[in-house]
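*Asks:* Throughout, the numbering used here is defined as the position within the sequence shown, counted from one, plus 45.
Do not take every clue at face value.
Unchecked claim - Okay, derived cross-link-like pairs now, DSSO-like style, lysine-lysine, Cα gap no bigger than 30 Å in a straight line: (1) Lys163 <-> Lys82; (2) Lys281 <-> Lys90; (3) Lys93 <-> Lys246; (4) Lys310 <-> Lys93; (5) Lys281 <-> Lys315; (6) Lys163 <-> Lys90; (7) Lys93 <-> Lys315; (8) Lys163 <-> Lys228; (9) Lys228 <-> Lys246; (10) Lys315 <-> Lys228; (11) Lys315 <-> Lys82; (12) Lys82 <-> Lys228; (13) Lys82 <-> Lys281; (14) Lys281 <-> Lys310; (15) Lys315 <-> Lys163; (16) Lys194 <-> Lys93; (17) Lys281 <-> Lys163; (18) Lys163 <-> Lys246; (19) Lys86 <-> Lys163; (20) Lys228 <-> Lys194; (21) Lys281 <-> Lys246.
Everything labelled a hint here was simulated from the structure, so no lab data went into it.
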Amino acid sequence: MAETLSIAVPPLPWRRIVVGCGMAAIDFVATVDAFPKPDDKIRSKRLKVLGGGNAGNALTCAARLGLTPRLISKVADDTHGGYILAELEADGIDISNVVICNGGTSTFSYVIVDNQMKTRTCIYTPVYPAMVPEDLPRSSLLSALDEAKLVYFDGWLHRTALVIAQQAAEMNIPILIDAETNKSGLNGLLDLASYIICSEKFPQEWTSIPSITYALVSILLRFPHVRFAIATLGEKGCIMLERSIDDEGSDIDETDVENLLESLKMRVDKDNVLPSCVSSEHCVQRCPRRRCCLLLLKWLPYAVEHLVLGLVYLDGWILAWLHSYNRLLLL
């Protein structure tokens with residue numbers, strides 16, 4: 046049985062509305078002893094049918110943290126679509142802006158969980174027909190964004206997502222992008238992003254820079270409106286690069302980000318089982334690629350251990366709450 050942790054969090058403001066746009070799905074999750082070889086026929090240890098999809102999962106987390114989420118997505122009027130909507134609504138998610146099409150198929154995934162290698166493999170079938178901007182009337186868009194404190198995008202439904210992001214930017218609503226892979230249309234969303242959370246492989250794939258730390262700096266250079274970028278590292282946790290918003294640390298000597306991260310790793314308490322964060326007191330001022338110029342702005346690197354957090358922008362500040370008590374071996 047998981048140990049219950051007592052963590053004090055600040056009180057939530059009223060009307061804490063978070064809007065999410067992206068995939069809502071149904072997952073068929075099969076757990077196996079080992080991933081099958083080609084042409085194998087194996088038996089699962091157990092099978093679960095669960096709600097899924099990046100946006101669906103993110104807003105379910107937000108709802109369980111006490112926020113007020115609204116989902117913009119698309120399902121079909123099939124059995125899977127009914128299950129998806131019923132589960133989301135049961136968790137307190139506003140589904141009034143989910144488009145339900147006649148005919149077609151809702152998004153579903155087969156997920157193979159490999160107990161031996163501790164991996165999960167997803168085979169998904171997207172919603173058909175795909176969502177297009179015309180599916181969401183402007184009146185519905187404005188209603189969905191009304192009083193929103195944050196808009197979340199998982200990179201799916203990119204044509205519709207870009208229209209929503211442009212409207213959110215016009216309304217000065219912060220935008221959080223979940224950059225799992227380099228999907229079609231993602232760059233347009235990143236141009237409008239306030240925050241980026243990405244997978245471990247994304248920074249190097251997107252920038253073609255082999256070092257994840259240098260790649261994160263390159264991302265913040267490319268997108269000047271991004272306040273921080275986080276790369277998740279699986280069981281090792283995550284690292285975060287935050288842009289300095291003032292002159293804090295301007296008197297500190299120039300520091301190389303790669304060396305700084307290595308020094309942070311040395312400060313991690315390997316025996317600590319509680320969520321913790323090791324942060325830098327230094328600013329990164331050196332160009333990561335050519336090392337020949339000072340950056341105009343500075344970034345603060347963070348090495349984070351034991352982290353499974355929900356990050357939400359509310360009333361001008363970031364709130365982060367633990368929403369899973371998994372013990373992780375991080376950094």
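*Asks:* Confirm or reject each hint.
*Replies:* Hint check:
no.: 1; hint: Lys163 <-> Lys82; in the structure: holds, 16 Å
no.: 2; hint: Lys281 <-> Lys90; in the structure: holds, 26 Å
no.: 3; hint: Lys93 <-> Lys246; in the structure: holds, 28 Å
no.: 4; hint: Lys310 <-> Lys93; in the structure: violated, 37 Å
no.: 5; hint: Lys281 <-> Lys315; in the structure: holds, 11 Å
no.: 6; hint: Lys163 <-> Lys90; in the structure: holds, 14 Å
no.: 7; hint: Lys93 <-> Lys315; in the structure: violated, 34 Å
no.: 8; hint: Lys163 <-> Lys228; in the structure: holds, 25 Å
no.: 9; hint: Lys228 <-> Lys246; in the structure: holds, 13 Å
no.: 10; hint: Lys315 <-> Lys228; in the structure: violated, 36 Å
no.: 11; hint: Lys315 <-> Lys82; in the structure: violated, 36 Å
no.: 12; hint: Lys82 <-> Lys228; in the structure: holds, 28 Å
no.: 13; hint: Lys82 <-> Lys281; in the structure: holds, 28 Å
no.: 14; hint: Lys281 <-> Lys310; in the structure: holds, 11 Å
no.: 15; hint: Lys315 <-> Lys163; in the structure: holds, 21 Å
no.: 16; hint: Lys194 <-> Lys93; in the structure: violated, 34 Å
no.: 17; hint: Lys281 <-> Lys163; in the structure: holds, 13 Å
no.: 18; hint: Lys163 <-> Lys246; in the structure: holds, 17 Å
no.: 19; hint: Lys86 <-> Lys163; in the structure: holds, 20 Å
no.: 20; hint: Lys228 <-> Lys194; in the structure: holds, 25 Å
no.: 21; hint: Lys281 <-> Lys246; in the structure: holds, 14 Å
Figure legend: structure checked against the earlier numbered hints; hints not met, in rising order: 4, 7, 10, 11 and 16.
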